[in-house]
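All chains, please: the whole structure from these sequences, using the hints.
There are 2 protein chains.
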Amino acid sequence: MIDAAGLRVMRAIAEQGSFTGAATALGYSQPAISQMVRRLEQRTGTPLVDRVGRTVRLTEAGAALARHAGTVLSALDAAEEEVSAIAGLRAGRVRLAAFPSASATLVPKALALVRDRFPDISMTFTEAEPPESLAALRAGECDLAVAFTYAGDDLAADSEDLDVLVTEPLLRDEVLIALPPSHRLARGTGAVDLADLATEHWIAGCPRCRGHLLTMCDQAGFSPDVSFETEDYVAVQGLVAAGLGVALIPDLIVRTTYNPDVVIRQVTPASRRDILAVTTPDLRRVPAVAAALEALAEVAASPDLLPTFPGDAASVPEPELDYHL
Amino acid sequence: MIDAAGLRVMRAIAEQGSFTGAATALGYSQPAISQMVRRLEQRTGTPLVDRVGRTVRLTEAGAALARHAGTVLSALDAAEEEVSAIAGLRAGRVRLAAFPSASATLVPKALALVRDRFPDISMTFTEAEPPESLAALRAGECDLAVAFTYAGDDLAADSEDLDVLVTEPLLRDEVLIALPPSHRLARGTGAVDLADLATEHWIAGCPRCRGHLLTMCDQAGFSPDVSFETEDYVAVQGLVAAGLGVALIPDLIVRTTYNPDVVIRQVTPASRRDILAVTTPDLRRVPAVAAALEALAEVAASPDLLPTFPGDAASVPEPELDYHL
DNA sequence: CTCGACGCATAACACGCCGTTATATGGTGT
DNA sequence: ACACCATATAACGGCGTGTTATGCGTCGAG
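Protein chains in written order, with full-length UniProt numbering: chain G, 1 to 325; chain V, 1 to 325.
Just so you know, the hints here were simulated from the structure itself, not pulled from any lab data. Built from N, CA and C at the ideal position, the CB exists for glycine as well. Careful, some of the hints might be misleading.
Said to hold, decoys possible - Derived Cβ-Cβ restraints for the label pairs, each shown as a range:
hint	chain 1	residue 1	chain 2	residue 2	range
1	G	Y28	V	E229	46 to 56 Å
2	V	S29	G	R115	36 to 46 Å
3	G	G45	V	E229	42 to 52 Å
4	G	G45	V	D261	50 to 60 Å
5	V	T124	G	A5	32 to 42 Å
6	V	A104	G	A5	41 to 51 Å
7	V	G70	G	E294	32 to 42 Å
8	V	G70	G	A104	39 to 49 Å
9	G	R54	V	R90	32 to 42 Å
10	V	S302	G	G53	49 to 59 Å
11	V	E229	G	D3	56 to 66 Å
Structural data, given as structure tokens:
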């Protein structure tokens with residue numbers, strides 16, 4: 001029945017003492033005020049102004065509206081300001097979820113970058129494996145997830161989730177082979193042929209990584225003998241170092257938690273996991289989320305972290321494989 | 001940029017958890033909500049809801065709007081309620097101004113009637129002679145004035161004021177003649193011929209009453225010898241009782257402040273003053289003012305006060321003139 | 001796994017609010 | 001008395017905001 005515009009007009013009339021004054025104060029024409037008051041009067045059913053001669057005065061009801069205008073309009077301004085602050089990156093919150101090995105360098109650097117640029121954006125971080133982080137995204141429990149997908153195999157499986165989500169590629173993470181130093185292939189150069197490891201004992205990582213291992217070995221023509229499974233890649237490397245088996249291990253993990261007692265080599269057929277940022281189409285357009293996303297992309301693209309992701313294979317420098325030697 | 005309707009929608013979405021729920025809660029159709037949200041989003045420049053699958057969730061900005069909605073809308077409701085109370089006679093104030101001799105019976109009875117019917121209407125009363133009360137009306141210092149005009153002569157003079165004001169006739173007040181008991185005409189019956197008093201000493205009342213005296217005497221063919229002037233009709237009657245002169249005195253005054261030591265008789269040519277309620281066209285439509293006006297009219301029309309005003313002369317009962325005898 | 005129900009988005013359309021300019025009317029002061 | 005100033009009215013245009021009809025995608029159940 002009564003809206004903010006009406007209150008604004010009534011307040012301006014009270015302050016200016018005339019329709020014309022109110023009109024100029026609000027940037028309207030005089031008839032606009034005249035009609036607005038008339039509409040308000042026939043809505044409320046009672047006169048709001050007392051027109052005597054060429055002067056207008058507020059009636060009791062009109063004065064009541066003008067008096068309430070301050071309360072309503074300042075509350076409205078507060079609401080607008082809060083939204084404007086969120087839109088203008090002067091406020092806001094981003095709930096980020098990432099898998100453990102991304103938490104080491106990628107996420108901290110991105111968080112620092114966002115904090116640097118927009119000190120008023122508060123960022124919270126949760127560690128979660130891709131399946132859970134995407135579930136959290138869908139459940140509205142986080143705004144941005146750093147996840148990975150193994151190129152080729154379970155990308156199709158993820159598409160079930162990814163169709164309603166938007167993804168931004170961050171890094172291409174080469175999958176390498178970890179061998180005990182005593183292994184017969186530990187001292188060669190170049191890539192190790194996966195088929196040469198058909199009879200090895202295998203140590204698998206997280207469930208998805210295990211799935212990828214099975215896929216790759218299948219392509220190489222054998223089924224791996226998986227002796228151990230653990231999500232902890234420190235443990236994986238420990239197991240390998242102890243000579244209990246070999247393991248596929250992503251480059252990013254090696255770079256962050258490297259055990260000097262294992263040998264890392266490239267493997268053929270080459271394989272990688274794609275690390276990407278995931279969010280919903282709507283959240284993608286939230287300025288704070290967009291800023292965090294861009295920071296992630298920048299950090300991922302910076303040469304002091306890892307090779308850029310979307311470039312073609314030729315432009316990607318060879319991974320330094322001499323971790324050990 | 002943001003209006004109350006938008007906040008109402010956002011709050012409903014927050015409470016109901018879906019567009020459809022919000023729509024039914026607000027009595028709208030579902031697309032109305034959908035479009036409203038879209039408009040708000042493109043106005044604020046940031047997503048307000050996160051649509052994932054067939055569920056919607058508020059973003060931070062949307063939640064901010066929903067959170068502010070309570071403040072704004074309750075303030076708006078308070079404003080509406082206050083106006084509604086004024087329109088519904090559950091609140092309000094009427095500032096009444098009346099000339100002294102109306103304050104005796106007409107005004108108190110009307111005030112009592114209003115208080116009876118609408119206990120929450122506060123009425124204030126100021127005593128003022130017609131010129132000042134009309135000035136107060138024009139100056140916005142009162143809402144309703146009880147004034148009088150002498151029929152015929154200064155009605156034209158008042159029209160200058162009365163054109164922008166609206167009047168409601170209340171009473172016709174016969175103008176009578178007050179004589180000392182010792183006067184040669186004190187014992188007759190019927191009306192006294194004004195021309196028979198051409199050589200008397202005259203006592204005049206308020207300035208407007210004095211003007212009316214001059215007009216009447218002029219019509220009767222003489223110019224009165226005005227010996228005293230006072231606005232106090234108690235004094236007028238005292239002067240007459242002391243034999244210092246004769247005076248024209250309205251019936252209403254005699255009825256309220258009658259000095260038994262004077263004789264009151266009708267006079268020819270007959271004359272009267274019209275007592276009327278005056279306000280502005282706008283204030284006339286303010287419910288509280290209208291209620292006060294109606295109360296005044298009812299009191300004026302009630303037979304236990306004085307004869308009705310607008311009736312023709314035939315229907316007006318003869319004034320009781322035997323105040324003294 | 002398919003099907004039906006549910007919820008949001010979009011299209012097309014109608015109405016009324018709310019501005020505008022042009023003009024009339026009436027009060028005020030020199 | 002006349003010019004100025006303030007409000008009222010008329011006519012008109014835009015768009016905000018509702019409607020119904022319809023499509024599409026998702027979630028749950030047989």
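Against the structure, the hints come out as follows:
1. G:Y28 / V:E229: 46 to 56 Å: Given about 55 Å between the Cβ atoms, the range holds.
2. V:S29 / G:R115: 36 to 46 Å: 45 Å, holds
3. G:G45 / V:E229: 42 to 52 Å: 49 Å, holds
4. G:G45 / V:D261: 50 to 60 Å: 55 Å Cβ-Cβ, so the 50 to 60 Å window holds.
5. V:T124 / G:A5: 32 to 42 Å: 33 Å, holds
6. V:A104 / G:A5: 41 to 51 Å: Given range 41 to 51 Å: holds, Cβ gap about 49 Å.
7. V:G70 / G:E294: 32 to 42 Å: Cβ of G70 of chain V to Cβ of E294 of chain G: about 35 Å, so the range 32 to 42 Å holds.
8. V:G70 / G:A104: 39 to 49 Å: 44 Å, holds
9. G:R54 / V:R90: 32 to 42 Å: 33 Å, holds
10. V:S302 / G:G53: 49 to 59 Å: Cβ of S302 of chain V to Cβ of G53 of chain G: about 35 Å, so the range 49 to 59 Å is violated.
11. V:E229 / G:D3: 56 to 66 Å: 59 Å, holds
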